[in-house]
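Enquirer: This is what each chain is made of:
2 protein chains.
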Amino acid sequence: MQEDPRKLFGRRLASLRKERGWSQERLALESGIARSYLGGIERGQRNVALLNICKIADTLEVDPAELFRF
Amino acid sequence: MQEDPRKLFGRRLASLRKERGWSQERLALESGIARSYLGGIERGQRNVALLNICKIADTLEVDPAELFRF
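Residue numbers (UniProt numbering), protein chains in the order written: chain Y, 1 to 70; chain V, 1 to 70.
Derived by calculation from the structure, the hints in this document are not laboratory data. Treat the hints with care, as some may be off.
Only pairs whose alpha carbons sit at most 16 Å apart, straight line, appear in this in silico EDC-like list of lysine to aspartate or glutamate [unchecked claim]: (1) LYS18(V) / GLU3(V); (2) LYS18(V) / GLU66(V); (3) LYS55(V) / GLU61(Y); (4) LYS7(V) / GLU30(V); (5) LYS55(Y) / GLU30(Y); (6) LYS55(V) / ASP4(Y); (7) LYS55(Y) / GLU3(Y); (8) LYS18(Y) / GLU66(Y); (9) LYS55(V) / GLU66(V); (10) LYS55(Y) / GLU30(V); (11) LYS55(Y) / GLU61(V); (12) LYS18(V) / GLU61(V).
Residues of chain Y clear of chain V, computed beta-carbon distances all greater than 12 Å [what the hints assert, rightly or not]: (13) ARG17; (14) GLU25; (15) GLU30.
Selected chain V positions facing chain Y (in silico; Cβ < 8 Å) [to be verified]: (16) MET1; (17) ARG6; (18) PHE9; (19) ALA28; (20) GLY44; (21) ASN47; (22) VAL48; (23) LEU51; (24) CYS54; (25) ASP58; (26) VAL62; (27) ASP63; (28) PRO64; (29) PHE68; (30) ARG69.
A virtual CB, placed ideally from N, CA and C, is assigned to each residue, including glycine.
Extracted from the complex, chain Y is given alone in its bound form (with noise of 0.2 Å):
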């Protein structure tokens, strides 16, 4: 994988929550994540762990490997 995952990842989970209409404040308060770590994810910042990507895919109601197709 040539770019890094963080930023690949980050932009993946930033179009899924768009497609559903939903600011990072949204995503923040149905996932019980915070905005502030939410938000670095996005940015690429953050190396998400397995609980937490599980956690985001079910708020989004998107099976977690869609959060990889990048």
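Keeping the supplied structure of chain Y fixed, place chain V upon it in accordance with the hints.
Expert: Leaving out everything else, chain V in the frame of chain Y:
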């Protein structure tokens, strides 16, 4: 997601590794991830993070999304 994602991920990783005919030692050697840590991931005891998820996927030559097909 009902079941613990760490257990689901661990089982999926073990099956992909075995499909490839690799031992945990071989995957550890090829990926640069400690065998003991890989064992913990496969037993569902580790909250593995994005960079290691992608390193494992690259090593097994599968798309990271494959590791989430559970």
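Enquirer: Over 12 Å to the closest beta carbon of chain V is the bar; see if GLU25(Y) clears it.
Expert: 23 Å, holds
Enquirer: Verify the proposed pairing of LYS55(Y) with GLU3(Y), using a straight-line Cα cut of 16 Å.
Expert: It is violated: about 24 Å lies between the C-alpha atoms, which goes past 16 Å.
Enquirer: Hey, LYS55(Y) versus GLU30(Y), does the alpha-carbon distance stay inside 16 Å?
Expert: Satisfied, since the Cα-Cα distance of roughly 10 Å is no more than 16 Å.
Enquirer: Hinted pair, alpha-carbon criterion (16 Å max): LYS18(Y), GLU66(Y). Please report holds or violated.
Expert: 14 Å, holds
Enquirer: Is the hint on CYS54(V) kept, meaning its closest Cβ partner in chain Y is under 8 Å away?
Expert: 4 Å, holds
Enquirer: Given ALA28(V) as an interface hint, is the shortest Cβ-Cβ distance to chain Y below 8 Å?
Expert: Since the shortest Cβ distance to chain Y is 19 Å, the answer is violated.
Enquirer: For the hint on LEU51(V), does the least C-beta distance to chain Y fall short of 8 Å?
Expert: 5 Å, holds
Enquirer: Hint check: is the beta carbon of ASP63(V) less than 8 Å from a beta carbon of chain Y?
Expert: For ASP63(V), the interface hint holds, since the closest Cβ of chain Y sits about 7 Å away, which is under 8 Å.
Enquirer: Less than 8 Å between beta-carbons is the criterion; does VAL48(V) satisfy it with respect to chain Y?
Expert: Hint on VAL48(V): holds, closest Cβ of chain Y at ~5 Å, below 8 Å.
Enquirer: Looking at GLU30(Y) again, its CB stays over 12 Å from all of chain V?
Expert: Since the minimum Cβ distance to chain V is about 15 Å, GLU30(Y) lies beyond 12 Å and the statement holds.
Enquirer: Given the hinted pair LYS55(V) and GLU61(Y), is their Cα-Cα distance within 16 Å?
Expert: It is violated: about 26 Å lies between the C-alpha atoms, which goes past 16 Å.
Enquirer: Hint validation: ARG6(V) versus chain Y, beta carbon distance must be below 8 Å. Holds or violated?
Expert: 6 Å, holds
When each numbered hint is compared with the structure, violations occur for hints 1, 3, 4, 7, 10, 11, 19, 20, 26.
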